[in-house]
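Start from chain A and add chain B according to the hints.
Below are the chains, spelled out letter by letter.
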Amino acid sequence: MGVLENRFQDNVVVASMDKLLGWARSTSPWFFQFGLACCAIEMMATAASRYDLMRIGMIPRSSPRQADVMIVAGTVTMKMSLRVKKLYEQMADPKYVIAMGSCATSGGPYWQHGYHVLKGVDLVVPVDVYIPGCPPRPEALIEGLLKLQEKIQADRPLTKKIA
Amino acid sequence: MSEDQDKFIADVVEKALQGDMDAINNIEDRVTRSKAKAALVKAKREAKAAATEDTSKSEESKTEESAPVVKSLSEKVAACLNEKFPNSLESEDVNGYIQMKDKNWFEIAQYLRYNLDFLFDSLQCVTGYDFGENEDLEVRYNLHSMTHNHAIEIRIKTDRNNPKVPSVEQVWRIGDWFERETYDMYGIEFEGHSNMTRILCPEDWAGWPLRKDYETQESYHGIVVPKVKDGWE
Chain A
31 MGVLENRFQD
41 NVVVASMDKL
51 LGWARSTSPW
61 FFQFGLACCA
71 IEMMATAASR
81 YDLMRIGMIP
91 RSSPRQADVM
101 IVAGTVTMKM
111 SLRVKKLYEQ
121 MADPKYVIAM
131 GSCATSGGPY
141 WQHGYHVLKG
151 VDLVVPVDVY
161 IPGCPPRPEA
171 LIEGLLKLQE
181 KIQADRPLTK
191 KIA
Chain B
10 MSEDQDKFIA
20 DVVEKALQGD
30 MDAINNIEDR
40 VTRSKAKAAL
50 VKAKREAKAA
60 ATEDTSKSEE
70 SKTEESAPVV
80 KSLSEKVAAC
90 LNEKFPNSLE
100 SEDVNGYIQM
110 KDKNWFEIAQ
120 YLRYNLDFLF
130 DSLQCVTGYD
140 FGENEDLEVR
150 YNLHSMTHNH
160 AIEIRIKTDR
170 NNPKVPSVEQ
180 VWRIGDWFER
190 ETYDMYGIEF
200 EGHSNMTRIL
210 CPEDWAGWPL
220 RKDYETQESY
230 HGIVVPKVKD
240 GWE
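Keeping their order, the protein sequence lines are chains A and B.
Per our numbering, the first sequence starts with residue 31, numbered consecutively.
Per our numbering, the second sequence starts with residue 10, numbered consecutively.
Chain A on its own, in the form it takes in the complex (with noise of 0.2 Å):
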């Protein structure tokens, strides 16, 4: 380590700020509990015991107030879509969205003849992680979300960004 070695007591480290943030962020995703059709048994599957979200630092809140993470689960009606984006809104920033089945990325088995159902979730609200399925096993939900925190990994919140 060169110059570093043995000069600091322990409990330090030494990280720039960014990827601190990242890391901190990343590493605690509680997501919004809300499931609309048949993917919320996959998700509730998913928290509990034998996939143990918890591990990756995920757990469900009940309140978007207190959520990072909005995990659109199931077929989103017209009639719900208005509340999901009202949903979306009264989440703190920053925020996250996760299309989890076919339907809310795409309007799934309905996407032709339902005059009733929207045709995907990123109609209303930015999407950051789409993930197939109908429904997605709950592997298939634990990729996706630890490629939604690459993607907060990623993300530089301190940095200016040039336009």
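Honestly, the hints are just simulated from the structure, not real lab data.
A couple of the hints might just be wrong.
Within a straight-line C-alpha distance of at most 25 Å, the following computed DMTMM-like cross-link-like pairs (lysine to aspartate or glutamate) qualify [claimed, not checked]:
#1 A:Lys109 - B:Glu198
#2 A:Lys116 - B:Asp213
#3 A:Lys109 - B:Glu190
#4 A:Lys109 - B:Asp213
#5 A:Lys115 - B:Glu198
#6 A:Lys109 - B:Glu212
#7 A:Lys116 - B:Glu212
#8 A:Lys109 - B:Asp15
#9 A:Lys115 - B:Glu227
#10 A:Lys109 - B:Glu224
Sample of chain A residues lacking proximity to chain B, with all beta carbon distances greater than 12 Å (derived) [what the hints assert, rightly or not]:
#11 Glu35
#12 Arg37
#13 Arg85
Where is the CB? At the ideal position from N, CA and C, for every residue including glycine.
This is chain B only, laid out in the frame that chain A set:
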């Protein structure tokens, strides 16, 4: 050989039918004996079928003349309604359901529910029906009686351009949601309902989704409704 055998078997069967079973039992050859027995069974069956046909024909002619026709429940109800509420039936023909006019439907519903002979205390379903372009709409009620364990279906036609049917919400409380759902999907208004609003679709939704001429609206609160991702196909 086989012609001879056939003739022989026919002979034996004839004898057996007249009561002489020994004629068959005494045949030496096992194959011929079993063939003869099979032929006997067949002959007996044919004889029996012919006999029942005769009797059923005679029975039919009897019922036409004297025995009273057993009425189905729908026929009983229709006859009773015709007596109590004249001109309430659309047609006298009862074919598993009762076709009614919407006149007096509320009073008739009350009568069907509380009359001791019928006691239809359970409204099981209210459905809408669209017969297509320039045709009428229809409401169908399925009634069931817990006491008597019997059920009927009642159908009421209504005009497509001004669909109105009296509400039976006050007779069967479940009718509240059933009628709201029918209103939501077909636009049939139930007069006298205490809260005639949509139940499934958003309140500001346009059109009646289960009508055959329904066309999906282009946007809802600025959100595109029909599919827009053409490149995906």
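To see whether the hints hold, each was checked on the structure:
1. A:Lys109 - B:Glu198: Distance ~22 Å between lysine 109 (chain A) and glutamate 198 (chain B) Cα, so the pair holds.
2. A:Lys116 - B:Asp213: holds (18 Å)
3. A:Lys109 - B:Glu190: holds (16 Å)
4. A:Lys109 - B:Asp213: Answer holds: lysine 109 (chain A) to aspartate 213 (chain B) is near 10 Å, not above 25 Å.
5. A:Lys115 - B:Glu198: Between lysine 115 (chain A) and glutamate 198 (chain B) the Cα gap is close to 33 Å, so the pair fails against 25 Å, i.e. violated.
6. A:Lys109 - B:Glu212: Since the Cα atoms of lysine 109 (chain A) and glutamate 212 (chain B) sit roughly 9 Å apart, the hinted pair holds (cutoff 25 Å).
7. A:Lys116 - B:Glu212: holds (18 Å)
8. A:Lys109 - B:Asp15: violated (80 Å)
9. A:Lys115 - B:Glu227: Roughly 19 Å separates the two Cα atoms, so the pair holds.
10. A:Lys109 - B:Glu224: The hint holds at about 18 Å.
11. Glu35: Since the minimum Cβ distance to chain B is about 57 Å, glutamate 35 (chain A) lies beyond 12 Å and the statement holds.
12. Arg37: holds (58 Å)
13. Arg85: holds (36 Å)
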